[in-house]
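**Q** Got chain A; can you put chain B on it based on the hints?
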Amino acid sequence: MNVLVLIKQVPDTTDVRIDRETNTLIREGVPSIINPFDTYAIEEGLRLRESAGGGTVTVMSMGPPQVEGALREALALGVDDAILLSDRAFAGSDTWATSYTLAAGIRKRGEFDVVLCGKQAIDGDTAQVGPGVAKLLGIPQVAYVRKLTLDGKRCIAERMMEDGSDVLGVPLPALFTVVKEINEPRLPSLKGKMKAKKAEITVWGVSDLEVDDSEIGLDGSPTRVKTIFAPELRTNGIVFQGEVDETVPLLVKELVPILKTEI
Amino acid sequence: MDHFLTEEQEMLKELCAQIAREKILPMREELDESGEFPWEIVKVLAESDIYGVYIPEEYGGFGGGAFEMCIATEELSKVCGGISLAFAASALGAYPILLFGSDEQKRKYLPPLAAGEKLAAFALTEANAGSDAGAIETRAELDGDEYVINGTKQWITNGGEADIYSVIVRTKKSAGLRGISALIVEKDTPGLTFGKRENKMGIRASTTRELIFQDCRVPKENLLGREGMGFMVAMRTFDKSRPGVASQAVGIAQGALDEAVRYARHREQFGQPVASFQAIQFMIADMATQIEAARSLVYSAARLVDSGAKDVGKASAMAKVFASDVAMKVTVDAVQILGGYGYMKEYPVEKMMRDAKITQIYEGTNQIQRSIIGSAVIKESAAEERKGK
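Which chain is which? The protein sequence lines are A and B, in order.
Each position in the first sequence, counted from 1, maps to that position plus 55 in the working numbering.
Each position in the second sequence, counted from 1, maps to that position plus 27 in the working numbering.
If you are wondering where the hints come from, they were derived from the structure by calculation, not from laboratory data.
Any given hint could be a false lead.
Here are the simulated EDC-like pairs of lysine to aspartate or glutamate, each with C-alpha atoms no more than 16 Å apart in a straight line [what the hints assert, rightly or not]:
| id | chain 1 | residue 1 | chain 2 | residue 2 |
| --- | --- | --- | --- | --- |
| 1 | A | K246 | B | E84 |
| 2 | A | K252 | B | E34 |
| 3 | A | K253 | B | E213 |
| 4 | B | K356 | B | E286 |
| 5 | A | K252 | B | E35 |
| 6 | A | K250 | B | E286 |
| 7 | A | K246 | B | E85 |
| 8 | A | K246 | B | E34 |
| 9 | B | K70 | A | E239 |
| 10 | A | K246 | B | D170 |
| 11 | A | K252 | B | E37 |
| 12 | A | K253 | B | E34 |
| 13 | A | K246 | B | E237 |
| 14 | B | K247 | B | E85 |
| 15 | A | K250 | B | E131 |
| 16 | B | K135 | B | E35 |
| 17 | A | K250 | B | E34 |
| 18 | A | K252 | B | E41 |
| 19 | B | K50 | A | E239 |
| 20 | A | K246 | B | E213 |
| 21 | A | K246 | B | E37 |
This is chain A alone, in the form it adopts within the complex:
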């Protein structure tokens, strides 16, 4: 069982500040962590390797050189090896270009059975990269997985839905994005931390991958961020209680001025 886990390094804060000039996140002075949802993906990868009785777990990430820190954290948890896709040419990638680059990295890495991702990253919250990678690799995908079991040559995935869950039999190789209900991530071990410190991390740049220059980085990113703003807080609604013939006139009285100002 060879598992690839895609992770992202994100700023460790819920209080994200935005640079008004460039409309990008201000990352200076904010410590970086592995995207919390990705920690569940790493744990699930380790569990799949354990339940299959062997194989490898590889973590892969795209980003600047400091992402190495996140990869070492993953190695300390018992992951076998780590690959960083890092090149100035990848800078400014949106979810499309990121998916494209990661898919190229996965192809270069070679054979795999399962690709795991967190359901979304806590900074961008798009939830697009996982499914994008699956599409580009031409493999099946299941998002929002809360239970994953190995069943011979396929996986049984329980997908969390708003009104319950779907149970899907998925032929491998396949990609799954996981929710936090799936497991409880382990802590690193001392031996793992020491091993991770010394471990070699493979770094691949644009020349190592088979990519089309027009599909990577800022140029390969169709998304343009025009503006970022915080939505206005919604106030609580009003509940009218009582008989219909009493409450409807009250409701109308409230609604009419609002509707007038909207127009």
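**A** Same frame as chain A, now just chain B:
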């Protein structure tokens, strides 16, 4: 203050802090209330290799020493001085084997302790033998190839939870301290049962229980060292383990100071944070200074132990007595800074104050520590004088 930890020691510290923050913190209040043993935490500590930090690599450990044991105990104790004992008390039980065990005994007992698969405990205290360790009455008589143990040990930390017990027994009735020996007893040995669980003031997540021996037979290979060495086994064990209790005390004190400072920064009275009042600032200053002095003394003692120095009893006793007195004072002051809130169970400082008290009492009361220190200092002076003549 920088204590010049190695990269590996920093890593250990960071990992223990993470375990304390992520795993121990959410449980401490509940376990303090229920008095349940923290098996879940034992599992986490085991998986993270913490149980092996002070055990040599050849017996499956991490290859550190008393210093590493102290770093781990301190970090865990910052969050809970009771739960941290599931680690530290096992080290106390393992030390007699580490120090006096034959290679065969070490090979048999240390690897599962290093892996955290089994816990150890140390059993000396009895109803009539506390500070006066030589007064123990639990007997072990050789019968063929076995020792037959009879008697009751009390207040044994990890009692009933541990699998491996280092037990101090009397093998000769009349020989005083020379009639005392140390035996390894495994939990499932017939004739060993466990008495009541004590209902304690503090360290409530740690189990304290009686060990009752009734014709309990252990193979004579379980003897540690030779017959008659038991008192020495106990004393040498304490010399090495006391920095551990001291670091538990430093951890509890630091945890209490951190809570008090955080509270003082946010609590407003007379229109300003109470931290802006000199009365509070001076308390904080004294607490911080005392903790740093205690930590420096503990680290020095632990490093002395690890240097292989022959006589570490005085340094080790100094670290224990100073750090535990600091812990008591600092936790009382932390409750004072939090005022009425500090007295309530919603805040952790009252628990820290209850937890701190035991560090002045166990592994040798602070009065016993002072007599160790006093007589060592006087002996040193006498030796100097003899040299001079």
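**Q** Each of the hints needs a verdict: does it hold here or not?
**A** Results of checking the hints against the structure:
1. Straight-line distance between C-alpha atoms of A:K246 and B:E84 comes to about 12 Å, which keeps the hinted pair within the 16 Å bound.
2. A C-alpha spacing of about 10 Å is found between A:K252 and B:E34, which places the hinted pair at or below 16 Å, so the restraint holds.
3. The straight-line distance between the Cα atoms of A:K253 and B:E213 is roughly 40 Å, outside the 16 Å bound, and the hint therefore fails.
4. The straight-line distance between the Cα atoms of B:K356 and B:E286 is roughly 15 Å, inside the 16 Å bound, and the hint therefore holds.
5. Between A:K252 and B:E35 the alpha-carbon distance is near 10 Å, which keeps this suggested pair within the 16 Å criterion.
6. With a CA separation close to 35 Å, the supplied pair A:K250 and B:E286 exceeds the 16 Å bound.
7. Between A:K246 and B:E85 the alpha-carbon distance is near 15 Å, which keeps this suggested pair within the 16 Å criterion.
8. Distance restraint check for A:K246 and B:E34: the Cα-Cα separation of roughly 13 Å lies within the 16 Å cut-off, and the hinted pair is therefore satisfied.
9. For the hint linking B:K70 to A:E239, the alpha-carbon distance of about 14 Å falls within 16 Å, and the restraint holds.
10. Using a Cα cut-off of 16 Å, the hinted pair A:K246 and B:D170 is violated, with the two alpha carbons roughly 45 Å apart.
11. Of the pairs offered as hints, the one joining A:K252 and B:E37 holds, with about 13 Å between alpha carbons and a cut-off of 16 Å not exceeded.
12. Simply put, A:K253 and B:E34 have alpha-carbon atoms about 12 Å apart, close enough for the 16 Å limit, and the pair holds.
13. Restraint check for A:K246 and B:E237: not satisfied, since their Cα atoms lie roughly 36 Å apart, outside the 16 Å limit.
14. Proposed proximity of B:K247 and B:E85 is contradicted: the alpha carbons are some 25 Å apart, above 16 Å.
15. Taking the CA atoms of A:K250 and B:E131, the gap is near 30 Å; set against the 16 Å cutoff, the hint is violated.
16. Between B:K135 and B:E35 the alpha-carbon distance is near 27 Å, which puts this suggested pair outside the 16 Å criterion.
17. For the hint pairing A:K250 with B:E34, the CA-to-CA distance comes to about 13 Å; that is within 16 Å, so the pair holds.
18. Our distance criterion of 16 Å between C-alpha atoms is met by A:K252 and B:E41, whose separation comes to about 14 Å.
19. Our distance criterion of 16 Å between C-alpha atoms is met by B:K50 and A:E239, whose separation comes to about 11 Å.
20. Between the alpha carbons of A:K246 and B:E213 the distance comes to roughly 29 Å, so the proposed pair goes past 16 Å and is violated.
21. Taken as a hint, the A:K246 and B:E37 pair is honoured in the structure, with Cα atoms around 13 Å apart against an allowance of 16 Å.
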